[in-house]
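J.: Chain by chain, the residues run as shown.
Number of protein chains: 2
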Amino acid sequence: MIETAPPKPVAPTRADSRPLYVELADSLQHLVEQGTLRPGHRVPSVRIMSRQRDVSIATVLQAYTVLENRGFLEARPQSGYYVRPRPPSLAPEPRMAKPMAKPSYVGVNDLTAEVMDYAQNADYIPFGSACPHHSLFPTKKLARILGSVARRDPALLVRSSLNRGYEPLAREIARRYLQAGVPLAHDELVVSTGCTEALNLCLRAVTKPGDTVAIETPAYFGFLEIIQSLNLRALEIPTSSREGMCLDALRTAIEQNDIKAVMVMPGLHNPLGSVMPDEKKQRLYDLLCEYDLPVIEDDIYGDTHFGEVRPKPLKAWDKDGRVLLCSSFGKTLAPGFHVGWTAPGRYLERVRRLKFTNTMGTPLVLQKAIAEFLRDGGYDHHLRSLRRAYHQDLHLFAQGMQKYFPEGTRYSRPQGGNFIWVELPAKVDALRLRKDALNKRINIAPGSLFTLKDRYKHCLRMSCSVPWSDEIDAALRTLGDLIKQQL
Amino acid sequence: MIETAPPKPVAPTRADSRPLYVELADSLQHLVEQGTLRPGHRVPSVRIMSRQRDVSIATVLQAYTVLENRGFLEARPQSGYYVRPRPPSLAPEPRMAKPMAKPSYVGVNDLTAEVMDYAQNADYIPFGSACPHHSLFPTKKLARILGSVARRDPALLVRSSLNRGYEPLAREIARRYLQAGVPLAHDELVVSTGCTEALNLCLRAVTKPGDTVAIETPAYFGFLEIIQSLNLRALEIPTSSREGMCLDALRTAIEQNDIKAVMVMPGLHNPLGSVMPDEKKQRLYDLLCEYDLPVIEDDIYGDTHFGEVRPKPLKAWDKDGRVLLCSSFGKTLAPGFHVGWTAPGRYLERVRRLKFTNTMGTPLVLQKAIAEFLRDGGYDHHLRSLRRAYHQDLHLFAQGMQKYFPEGTRYSRPQGGNFIWVELPAKVDALRLRKDALNKRINIAPGSLFTLKDRYKHCLRMSCSVPWSDEIDAALRTLGDLIKQQL
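These protein sequence lines are chains A and B, in that order.
Using full-length UniProt numbering, the letters of the first sequence correspond one by one to residues 1 to 487.
Using full-length UniProt numbering, the letters of the second sequence correspond one by one to residues 1 to 487.
In isolation and in its complexed conformation, chain A is listed as follows (with noise of 0.2 Å):
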């Protein structure tokens, strides 16, 4: 499974400094590595490995949920666990890009909105869009939620929220993030129509226009929109596949720079997938707390990690609300609400007044719908499943590009999400690649989306936001005989 890496175990508990099950699940998955367990073995019974290991019973179903999650093992009801298929060979991760001198502001071109129509037609096979397949979402029982509390209590289709959101479904956010180990009251979430929303007031409320925003490489577009429709200048920080923003040229970067706020992944970066490790999430928060700077999470990937623990988002190190986090349901749930959320720490009051005069509330019906859903709707349940399917299909994807495309290609290892981001054969040029595919109907995302500079020319972001299919994977070929025709 080229794309899992298993997020770092929270707490250190012994000398290893693993947990005790992740330990196990390590030595195991050495034994698999090593040949000793071959793919459609039957490893031993959790009964029989507890006596073996001489650990709980718990233990060992955690270190197989951890290897479940891997993807070194499957389980087959009411049969036990076995090896699944051997990963491919492990090609090689794309490379860090170069610091950027200067800020500049930020001229997107008219590609976004060109990938982002394509991504709403049909007809076009959308590796362009992160937009996830509606087959993944609960959308009958949504449906039937929704209905159900219009009817119960219409008068909410009149009654405008204004800038407070619907109060139990702000307690139902604060109840999850409690348990990904972000303590945070309630009256402290401000809910927005969508993360979009949530991004541009957060940004609002700690810069001026003119203002130099650090933000990673390469970068969500949306950030890049959202930076220019602000009239603030941006700053990249070159970021690694595998552990998010390089903290050292962030430093040079605020030393050199006048920058005024960070605007940040950590939890699951998109478009790398990337985890950053919690040893660095904690060394981030002091490098901010040292220059005073307010940092903007998106989280919104977070509960789309493949690893057995949620990863912890940046807020969870706050000390001096200095971390604005914001997120949506709009990955895991429900895309079609907009309904997201942020939680801005010391900035809570003027976040308010921005979300006030800027879309003034967001629609009581639908945050009482997805409130109800997450308490009675088996919300946990549905994330499973959903995080099984991304890693499913992604893991099939990545194994079609590998097939496809030609040597000298370069993977990330997503760790959550639906994306990869690829690094073709430099002659590559993705923008010609791009009109190519289209002519296919294909839709695909051109890494010099993800930048401000001439970076990522032979990059893309591949979304795999359908199930997987033959029509895919025939699309997958396609693509990659494109690719190799400009070799």
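By construction, these hints were calculated from the structure, which means they are not laboratory data.
Treat each hint with caution, since some may be false.
A pair holds if it fits inside one copy or across any two, identical chains being indistinguishable in the list.
As the list claims (entries may be wrong) - In silico lysine-lysine, DSS-like type, Cα no more than 27 Å apart, as pairs:
no., residue 1, residue 2
1, K260, K208
2, K208, K453
3, K453, K102
4, K260, K280
5, K427, K457
Fit chain B to the supplied structure of chain A, relying on the hints for placement.
T.: Structure of chain B alone, referenced to chain A:
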């Protein structure tokens, strides 16, 4: 009926310049005013009047409807038309402000947030907020349609509309504008998160931070908040409670300042309730062409007019795309949906792009529910009842104020909406009145909310946002007593 002033007829049909039915209505009104027809009198039946005046039955029916709308007649089912109780003698109207010398950055105080907060508190009489009461809306039918849309098309819940609106809704909106005299194609519209987002996007499309925008005074406080939040400056132009913005003052302001855009509510003004006459709209448009300025038009109250003909938006005169029309269903159908729109003329692409960066999309399920209500739900019928309810409640509200408020108070004559602009005797301090009123659990909106300057300290916008009741009557008396204590 103090607050009714009939709009000008749309198009002259004869030498008299008034359509036949208006001429008939005017002549009957004269008979009422002269006392020939007295309150409680039954007027001649439609058939008899048609023979008496030698006009068609349709003309008589139109004339009677006009007089009903003007508040002179009332229809009693299966009985005919009767003269209504006489309106009280007219109190004077508010005076127009002096022009402002220099544009200024908006320093909105926390009062707006406070007034809005109390507006959401059901323990307070809501004279401060123009959010209409839920009993005025077809909430059950809307809930049924929403539930049905979600059930029939659950995939809608997870599809993002991105920055295009839902086409069938855009077509319904365009069709309605056509009826109101504004030819618009559906693809000239951008659907937004309420009128508030539409105003934001349009302002951002035509200005840069630091620019100056000319606005009416008094102005809707939301305008001031938005202008502040976008780092713009505002220049207040005196505005008549009868005819809207003073064009001579606007011309002078344009000549003496570097104004980049104008933001107005000529259709139906908040807080004055005024409608700019059509010939003045033409002159306003000509003035904007002369100085090549864009204008943002907020038409949110247009459909709540009391007269027989909907006030034409300024957009009806737009030949070169300089009018950015904004509105929503927030005052007429579904305040809680936050579904609005803009027809931004030549700035269409820019506004679309800004919509994407600001909130990405607007929930499709809500857009579709509204589209179906507009198509099949009897929206026109609902609008007629809503207007009648607004009109009648406001009439009682005005009578109540005149009964309890001191002599020397001036009142605007709203031609729609659910509020009256009140100028109290100069000695009254509206901020002190607000504190006293809050102690009595009454929330009011003091005049200073509606300006940047030291103006309107003795003014109020009085909203009649709940149906008339003894409680409202008592609250008006209490407020009147508090005012008199200050004299």
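J.: Next, verify each hint and record whether it holds.
T.: To see whether the hints hold, each was checked on the structure:
1. K260 with K208: both (9 Å within a copy, 20 Å between copies)
2. K208 with K453: Intra 23 Å, inter 24 Å, cutoff 27 Å: intra and inter.
3. K453 with K102: Only inside one copy: K453 and K102 sit 11 Å apart there, 42 Å across copies, limit 27 Å.
4. K260 with K280: within (21 Å within a copy, 48 Å between copies)
5. K427 with K457: Classified as within: same-chain Cα gap 9 Å, cross-chain 70 Å, threshold 27 Å.
Consistency with the previously given hints is maintained throughout, with no hint failing.
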